[in-house]
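Number of protein chains: 2
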Amino acid sequence: MNDFMYHNPTTIEFGRAKENSIGQYIKEANIESVLLVYGTGSIKKNGLYERVIASLKSNGISYEELDEVVSNPLLSRVNDGIKIVKDKNIQAVLGVGGGSVADSAKAIAAGAKYDGDVWDFFINKAQISEALPVFTVMTLAATASEMNGNSVIINDETSQKYSISSVLVNPVVSVVNPELMATVSKEYLAYSAVDIIAHSIEVYFTASLHPNFNSRIVESIIKTVIETTEVLIENPDDYDARAEFAWVAIQALNGLTPAGTEGGNFPNHMIEHSLSAIYNVAHGAGLSVVIPAWMKWYENQNPEQFKRFAKEIFSEEESSKGIEKLEEWFAKIGAPTTLEAAGIPRSGIQALAQNANALASVWGIGDIYSSDTIAEILEKA
Amino acid sequence: MNDFMYHNPTTIEFGRAKENSIGQYIKEANIESVLLVYGTGSIKKNGLYERVIASLKSNGISYEELDEVVSNPLLSRVNDGIKIVKDKNIQAVLGVGGGSVADSAKAIAAGAKYDGDVWDFFINKAQISEALPVFTVMTLAATASEMNGNSVIINDETSQKYSISSVLVNPVVSVVNPELMATVSKEYLAYSAVDIIAHSIEVYFTASLHPNFNSRIVESIIKTVIETTEVLIENPDDYDARAEFAWVAIQALNGLTPAGTEGGNFPNHMIEHSLSAIYNVAHGAGLSVVIPAWMKWYENQNPEQFKRFAKEIFSEEESSKGIEKLEEWFAKIGAPTTLEAAGIPRSGIQALAQNANALASVWGIGDIYSSDTIAEILEKA
Numbered sequence: 045m046n047d048f049m050y051h052n053p054t055t056i057e058f059g060r061a062k063e064n065s066i067g068q069y070i071k072e073a074n075i076e077s078v079l080l081v082y083g084t085g086s087i088k089k090n091g092l093y094e095r096v097i098a099s100l101k102s103n104g105i106s107y108e109e110l111d112e113v114v115s116n117p118l119l120s121r122v123n124d125g126i127k128i129v130k131d132k133n134i135q136a137v138l139g140v141g142g143g144s145v146a147d148s149a150k151a152i153a154a155g156a157k158y159d160g161d162v163w164d165f166f167i168n169k170a171q172i173s174e175a176l177p178v179f180t181v182m183t184l185a186a187t188a189s190e191m192n193g194n195s196v197i198i199n200d201e202t203s204q205k206y207s208i209s210s211v212l213v214n215p216v217v218s219v220v221n222p223e224l225m226a227t228v229s230k231e232y233l234a235y236s237a238v239d240i241i242a243h244s245i246e247v248y249f250t251a252s253l254h255p256n257f258n259s260r261i262v263e264s265i266i267k268t269v270i271e272t273t274e275v276l277i278e279n280p281d282d283y284d285a286r287a288e289f290a291w292v293a294i295q296a297l298n299g300l301t302p303a304g305t306e307g308g309n310f311p312n313h314m315i316e317h318s319l320s321a322i323y324n325v326a327h328g329a330g331l332s333v334v335i336p337a338w339m340k341w342y343e344n345q346n347p348e349q350f351k352r353f354a355k356e357i358f359s360e361e362e363s364s365k366g367i368e369k370l371e372e373w374f375a376k377i378g379a380p381t382t383l384e385a386a387g388i389p390r391s392g393i394q395a396l397a398q399n400a401n402a403l404a405s406v407w408g409i410g411d412i413y414s415s416d417t418i419a420e421i422l423e424k425a
Numbered sequence: 045m046n047d048f049m050y051h052n053p054t055t056i057e058f059g060r061a062k063e064n065s066i067g068q069y070i071k072e073a074n075i076e077s078v079l080l081v082y083g084t085g086s087i088k089k090n091g092l093y094e095r096v097i098a099s100l101k102s103n104g105i106s107y108e109e110l111d112e113v114v115s116n117p118l119l120s121r122v123n124d125g126i127k128i129v130k131d132k133n134i135q136a137v138l139g140v141g142g143g144s145v146a147d148s149a150k151a152i153a154a155g156a157k158y159d160g161d162v163w164d165f166f167i168n169k170a171q172i173s174e175a176l177p178v179f180t181v182m183t184l185a186a187t188a189s190e191m192n193g194n195s196v197i198i199n200d201e202t203s204q205k206y207s208i209s210s211v212l213v214n215p216v217v218s219v220v221n222p223e224l225m226a227t228v229s230k231e232y233l234a235y236s237a238v239d240i241i242a243h244s245i246e247v248y249f250t251a252s253l254h255p256n257f258n259s260r261i262v263e264s265i266i267k268t269v270i271e272t273t274e275v276l277i278e279n280p281d282d283y284d285a286r287a288e289f290a291w292v293a294i295q296a297l298n299g300l301t302p303a304g305t306e307g308g309n310f311p312n313h314m315i316e317h318s319l320s321a322i323y324n325v326a327h328g329a330g331l332s333v334v335i336p337a338w339m340k341w342y343e344n345q346n347p348e349q350f351k352r353f354a355k356e357i358f359s360e361e362e363s364s365k366g367i368e369k370l371e372e373w374f375a376k377i378g379a380p381t382t383l384e385a386a387g388i389p390r391s392g393i394q395a396l397a398q399n400a401n402a403l404a405s406v407w408g409i410g411d412i413y414s415s416d417t418i419a420e421i422l423e424k425a
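Residue numbers (the numbering used here), protein chains in the order written: chain L, 45 to 425; chain S, 45 to 425.
Hint data in this document are derived by calculation from the structure and do not stem from the laboratory. Hints may contain errors.
One copy or two, either will do: identical chains are not told apart, so a pair holds if it fits within one copy or between any two.
[Unchecked claim] Straight-line alpha carbon distances no greater than 30 Å define the calculated DSSO-like cross-link-like pairs of lysine-lysine that follow:
hint, residue 1, residue 2
1, Lys71, Lys169
2, Lys169, Lys157
3, Lys127, Lys88
4, Lys132, Lys88
5, Lys127, Lys101
6, Lys355, Lys267
7, Lys376, Lys101
8, Lys424, Lys351
9, Lys351, Lys101
10, Lys369, Lys127
11, Lys365, Lys355
Just so we're clear, the structure is a prediction, and the values are computed from it rather than from any experiment.
Whenever a hint applies, use it, and build me the whole structure from the sequences.
Here you go:
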């Protein structure tokens, strides 16, 4: 087992109606003002916006607003938020929405305490040393942004989809009420399932050292995602399945699964980021295109773990059958498994490969993932 | 899934030689003085004491000492520690040892900020509202005390083995270096394995609502404990097995396994506490006596989960076979499975049952576990 440090200070308030206490959680942290960050309006249609505002008001917390945060969230909007926070001397950031909103809230929180350009953190030009406290009320389960220090943002000037990771932007409190997630479309449910599986398998397959316990946790997550997704496709109102789905989404990327592993990396995310940066496809849809292609390309580099995956997840003896079954399952739940299905022309492969290779270099795996290699992988999609 | 709050702020510093940085971790928390709590001397024989002191000194941290903390730690010694901390105005408590030392450190930390008798917290006469920061360097993996807010103490005047649970006494930082655990005797390795399994199965069997994901995590922990214990019996110096054992010990009682479950309780611990309070048997040895007896008594109250246990852990179809195999495994690793083997006379059953029933009442399960019922269970041991 590799040495590691594990620290996840986020409080998860999980369950029905907990969003009505968000003002209280913020007040308990001695905070009197927040920037309320949200998306393109669904929280105004379903009443969540009013409930959050009511909770803030009844706890004496003042607020400014930043709306119009889009999926694949943009740096320009993050900078808008940083400006408001600095101008109005706001004490904390509250994201109400999905992963894009939470990620934007974190980037704003980090940028608010930095004199330079917040993008410096994303390109490793500067390290986060201070941040405003972050709170979230989640309406989508997928990214685990509610219980980690990650934020993925697209620089709309350079088409780079890059990320930061710091415990300083871990939410102080995240509200996870599965009922708020019940209106997600079947399409986005499928993309979310793919995203959770992607978070689970990246280190599982790529680590040079991966203890059995870690493998068992990953397999527990994947089995549960498959099981609950199938229930939710049939019955979107099944609370228990929705709740279990939300909780394993968190476990897949809150630091538990890689603890003690060695040498793992995130090639599927790395390649996918170029798809959503250039073609604005949903992250999960990009991943369901990349994953089977990458697995076919990578299979022989870790044959034992691929065999284990096939056996544990799909009760198959051959590793290739495990890949095949996963690809079939993606298709079955409505996630694209080819570039064509995701609306990406094959003529775009070279540009995607170059964009992804630039990120590979930032993540320190540029040697393994040259543009040619990434193009070779994408050809399989 | 039941509503829940999950918050575990402890930082785990896991790996080789991390104890040499304990002074740095304490300094980073802006603390300048600690009460160093330890046991009956083994840390002085193996050099750990000197390394911890050196780390404290090189980081400018002053210290007082409280030694002679025994297994099944005593309230009287906790009160000695509280007195030192109050008299010398010490800022934090550092436990270096196993679960008893960590538990004593927590009780001292809570008592130091309370004007009344610290035992008030254990009998629910008062609630912990403030505590000194706690740090630990662990030399034994079993209790998960390094990553939870629990403390179990014996009142040496009343022979009550009672507990507290508060996130306020969660360690700020715990050092878990598996190398420090390599000298544990085979006997205590077995007791530790039993303790971890006990932590895992209590809620697993007793919850009225136990999601599949929670069951999978518990089964992952138990499989890993069995696997690594068998490796360590053959080769105590296997670092990876030792490390995995230490990490799953933590996962078994850090709040993860019960999150979202409903109605679970800890009957095996409740009954065992009377064994170690009255006969001073090792906690794990008491548990290996109680568990098979309790399982046989309880089996019909949750037949599906017992069947699942037999299948997942021992590949057996019948639930009774699962109990039998676990009992055999306890015996195989050298843990007692009868009262006789633990040196407890059958004539003591009535007194044990009354002592345990008193604790059952404090834990709110006195109705289910009357003295007669507990005696009936112990008769099976």
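Any of the earlier hints contradicted here, and which numbers? The structure conflicts with hints 7, 9, 10, although it agrees with all the remaining ones.
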